[in-house]
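Given the coordinates of chain D, assemble chains Z and B onto it according to the supplied hints.
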Amino acid sequence: MRRLEIIVSRLAWFVPTIVGLLIIIFTISHIIPTDPVRVLAGDNATQEQLDALRKEYGYDKPLPIQFINYLKDVATGNLGISIFTKRPISETMWHRLPATLELTFAAVFLSVLFGIPLGVLSALKRNSLFDHVLRVITVSGLAVASFWLAMELQFLFSMNLAVAPLNGRISGFGPDPITGFFVIDSLLIWDMESLRSALSHMILPAITLALPAAATIVRFTRAGVLEVINSNFVLYERAMGIPWPLIVWKYVLRNALISTVTQIGLIFGVFLSGAVVVETVFDWPGIGAYAVNSILQSDYKAIMGFTIWTGAIFLIVNLITDIAHTLIDPRSSQ
Amino acid sequence: MKTGWRQALSKFVRDRAALIGSVIILGLILCAIFAPYLAPFPDDVYEFHTSNRLRAPDGVHYFGTDRMGSDVLSRILFGARITIMIAVIAISITVAIGVPIGLIAGYYGKWPSDALMRVSDIFLAIPQVVLAIAIAQTLGPSIENVILALSATYWPFWARLVYAETRSVKNEIFIESAIALGAPPWRVMLLHVLPNIASAIIVRTSIGMGNTILTAAILGFLGLGAPPPAPEWGRMIAESREFLPEAWWYATAPGLAIFLVVMGFNLLGDGLRDILDPRIRRAASREE
Amino acid sequence: MAELLAVRDLTLGFHTDAGLARVLDGVNLTIDRGQVMGLVGESGCGKTTLARAVLGVLPRHVTDISGGSIRFKGRDLLALAPDVLSREVCGRAITFIPQDPYGSFNPVFTVGTQIMEIMKWKSPRREAIGWQAGMPALLQTYPAERRRADRDAVLKLLDAVQLPQPEQILRKYPHELSGGQRQRLMIAMALLPEPDLVIADEPTTALDVTIQAQILGLIRRLATERGVAVLFTTHDLGTAYEICDAVTVMYAGQDVESAPTDVFFTRCVHPYTDRLLASLPRPDGKVAGIPGEVPSLVTPPPGCRFHPRCDSAAADCRAARPPETASGAGHRVRCFHPRVRAAA
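Protein chains in written order, with the working numbering: chain D, 330 to 663; chain Z, 146 to 433; chain B, 2 to 345.
Here are some of the chain Z residues that sit facing chain D, going by a computed Cβ distance under 7 Å:
1. V275
2. I278
3. V407
For the record, the hints were derived by calculation from the structure and aren't laboratory data.
Note that the Cβ used here is the ideal one computed from N, Cα and C, for glycine as well.
Looking at chain D on its own, in the form it has when it is part of the complex:
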């Protein structure tokens, strides 16, 4: 069974890939010119204090030992304590992950909702005015710097028109966390005020994130539909008088989406890197904003923590993509 084989081989590579990733990150974080211990201890610290701190955080050991110790910790789910917040990194990650995921899912929803139908339509009406306008929009969507788009949206909709909140995730404290997703939690306890607030806070960052992804989906769907629409089975279906809308939205789309689905991994990468920037601009309390803060403070354990998490999420998404691909394309499970 090929489907199972794909999953097993993917899973088998999961651990070595993460370890390789850690080696890279560990190497770069240890050629840091600034000594994290010195930063932590302050300018007036004595040599004894520095040594004590170094011993406390394990910085006195040789690098390979430090790395192996680190791997042991990671394997047990312990990503260490952040030098700056003095809190366990795993805990902070768990705490912040729902915010990032909620935003990402909203962006996935938006980009699929608009991307696929627009891609199909522009393929059907290729070289029409609609197709040309959409091409300009998609090329623009891929060319715009997300942090700048975020700021311009804030400027227009929050500062001038005042129709959307400037930043943050919700007004007040938000609903009591059940799932951590504010939209779901406020629905569960039927708190319409929180729901409205959560959605209005989400809309601008979600649009910022969704735009380049939607542009990618439009382009791949368009190309996929164009490739399929001239195939013999479409000719056959037309010759047999199957209604045209059905040919397009059921038979052609299913084929065209195979190439789009293989791009989901790529699109998700766009979301993760977009989240880093977009969360920073919108003060969205997710793991992206946390990563930027850690980077700016040379909190390298936190950076490594973030990298592991991102890598893990990304690998899982790619695994799901592969499985989805074998599910919608029966030819691949031969």
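Only chains Z and B this time, still in chain D's reference frame:
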């Protein structure tokens, strides 16, 4: 072969996207070269006029002035130099690393290809921006480090691309016959494989330039790019944040500059793909 | 026999980079009810285009239909609105057996899904049970009662086209079936709507030689049993001889001669048909080719398009296209200087 290139050239002129893209890129290069002559206040790049700060656009300062009283337009024009330098050097290094690795791995298969796949898997396991941020921060903010961070994280994409292209070309009859005739591997790779995957590399170079400029802008925005007072576009946008909504021009102008340039490279890449890529070209001509 | 399909003076072209390709030039074709008509000609002579014109699936943007009519059961298909054509004629009164049984199945749906989709829209029981007039296509449902009846009909017909274990076959994806199995399915799908005319466009070219004869025999037998007319395009005269009631020959977008099969193979009179028959491999292994080349359709020769290669050609052949003249019962020929044959 000659008529093929002439045909490609005439298609290029007819392809509006490629034409607009190359005009934009040409404009960027001219701006970079002639920045001292084009800029209304060339000295403003490193000089401050604090009494003149945050002036709205007018007949003297077309794009207004920034928090130091410098002319935004002049700084953007000089910023084109930084942008081009980063993108060109980073992409050159990337191509110089990625293409040979991809070629060799694709040509020999077996363990070189396995090794490439596993190593690039690791790099591709996290988004390029995230890794580039980590590297750039570690090394400290400077143009050289931005270039290093960009090429260190971008080469695996290239190696994968060249690898896949090489693999698909390698089984063509003319390659097999060249090998059968006893041509040494380096000769087959350089004279037979490389010319046949060149169009894919050219297309990818153009799109990669746009991508690299965007990533470099993100690094600049996060304060990891060229240190101030260098007129780096991403950093200018970051500086402008605290002056919104009053000084709207401050963020808008450099943002538009990034947008325009990336758009130029993407349009050019798209146009080149339509012209050079035979597979897509065939699909396009099959259109009803 | 009553006339079922009458193509008259059909003239059409495709816009290409090189200019307008005049693919069909005043073509006539008549098929009677229940008749198996072979449409014979070399590749590129316009037979597939003619078949697609009847099916109404020519590429809309590049096709330029400049004249003629396609009358089917008294209605001009060219004058019919596309949605009426698609709803009432395509797949219902006229069905299709494609050339390529590999690419003509949608690769990501099971065979059963695709057959039942055709039955949902084209089943002969559609008007009787579950007719949802006016409902948008995407919202129409398949009434369970008709679905059961249709499924029984499908299983019965799969048996008739000699596909064993039809239940299992319906659950398979196209790539899991052989070319012969797929073409049998295509035949079944063409017959299920109980059409008046089946258009079979070179249905055996993509298949192994060993299977070709079986498939041909199957088409012939089922057509006769059910009284269905077939328009059968082929470049192979031998095939036409085996299964057709009548044969029409095309050359470079023009019809040249049409006759019942027995007449055709013994008393054809058009010089091109003559050369075509002579080009069949003879028992002594010699093959007589036709000198010259098939003309370009962008700049075709005026008049009869065969004249540059014809040894009987004269000035009148260049001036105008010969009119259709009767040369016996059901035997029509378009030539100013037909071969003279001694009466058999």
